[in-house]
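The UniProt record's numbering puts the first residue of the sequence shown at 1, with every later residue one more than the last.
Treat the hints as calculated values from the structure; they're not laboratory data. A couple of the hints might just be wrong.
Straight line, CA to CA, 16 Å or less: simulated EDC-like cross-link-like pairs of lysine to aspartate or glutamate [to be verified]:
1) K76 <-> E41
2) K203 <-> D177
3) K76 <-> D20
4) K203 <-> E181
5) K55 <-> D28
6) K203 <-> D219
7) K55 <-> D20
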Amino acid sequence: MFAASTGMPVMDTTNTDQRDAYAVSLGDRIRSCRSGMTRDEFAALLELHVNTVGKFERGLTIPDAYTLMRMAAIGKCSPDWLMTGETKAAGVEFSVQAVERSDFVYVPHFDVAMSAGNGAFCDVEHVIAMRPFDTGFIRNALGIHHNELAVVSVVGNSMEPYLRSKDLAMLDLRARDVSTEGIHAIRLDGALMIKQVQRLPGKLRVSSANTEYAPFDVDGAEEQRDFSVIGRVRWGGVTFD
Numbered sequence: 001m002f003a004a005s006t007g008m009p010v011m012d013t014t015n016t017d018q019r020d021a022y023a024v025s026l027g028d029r030i031r032s033c034r035s036g037m038t039r040d041e042f043a044a045l046l047e048l049h050v051n052t053v054g055k056f057e058r059g060l061t062i063p064d065a066y067t068l069m070r071m072a073a074i075g076k077c078s079p080d081w082l083m084t085g086e087t088k089a090a091g092v093e094f095s096v097q098a099v100e101r102s103d104f105v106y107v108p109h110f111d112v113a114m115s116a117g118n119g120a121f122c123d124v125e126h127v128i129a130m131r132p133f134d135t136g137f138i139r140n141a142l143g144i145h146h147n148e149l150a151v152v153s154v155v156g157n158s159m160e161p162y163l164r165s166k167d168l169a170m171l172d173l174r175a176r177d178v179s180t181e182g183i184h185a186i187r188l189d190g191a192l193m194i195k196q197v198q199r200l201p202g203k204l205r206v207s208s209a210n211t212e213y214a215p216f217d218v219d220g221a222e223e224q225r226d227f228s229v230i231g232r233v234r235w236g237g238v239t240f241d
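Please build the complete structure, drawing on both the sequences and the hints.
Now the structure itself:
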């Protein structure tokens with residue numbers, strides 16, 4: 001293309017602008033995919049320099065397809081979603097509730113890191129993948145006959161040896177009244193945590209499996225405090241280094 005007045009070529013910036021916009025959105029998804037890991041940890045697993053990963057996340061450069069596939073595998077996110085941003089996985093539309101298809105129940109994996117330490121603030125909650133579980137395992141072994149389920153990533157070491165950082169946990173979102181003592185997901189002062197919760201007269205005792213973390217009580221009279229039980233942990237997926 002040439003300018004009529006000067007005869008000089010005119011640069012078509014449309015493709016460049018589209019590429020830049022894609023690079024930025026891809027960088028956001030890469031950052032989301034490594035949820036629960038530091039950039040240094042993610043780079044080490046990818047066998048890349050941390051500055052290279054930083055450039056990917058800032059949209060300065062675009063990784064090749066092989067690197068994107070490795071990122072998806074390491075970050076436990078959908079390769080299709082990571083590459084395109086499209087909200088489909090295994091032919092199942094992304095949903096905030098589990099979806100039953102034939103022999104599998106697809107449970108939404110939310111982009112929230114459940115801290116198993118002192119708490120991680122996570123305001124953005126969106127689905128990054130639909131994780132398949134055997135229908136018989138969900139309905140029979142676990143005895144769950146509804147679809148209010150969620151998979152989340154674990155951060156921190158306070159629930160070791162049961163749950164370690166980078167592990168996955170599946171939550172029963174209907175089990176919110178702690179009538180059954182066990183490991184629950186809770187929200188406390190804006191932080192999302194996975195803790196052992198025990199009901200005591202007039203209060204709840206919140207404790208960790210790791211004895212380095214002291215237990216604490218939440219008084220039932222503290223109406224102004226931001227506290228809620230999100231659900232009960234029914235399954236944990238262990239990640240090996």
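Structure-based check of all given hints:
{"no.": "1", "hint": "K76 <-> E41", "verdict": "holds, 14 Å"}
{"no.": "2", "hint": "K203 <-> D177", "verdict": "holds, 12 Å"}
{"no.": "3", "hint": "K76 <-> D20", "verdict": "violated, 26 Å"}
{"no.": "4", "hint": "K203 <-> E181", "verdict": "holds, 13 Å"}
{"no.": "5", "hint": "K55 <-> D28", "verdict": "holds, 11 Å"}
{"no.": "6", "hint": "K203 <-> D219", "verdict": "holds, 4 Å"}
{"no.": "7", "hint": "K55 <-> D20", "verdict": "holds, 13 Å"}
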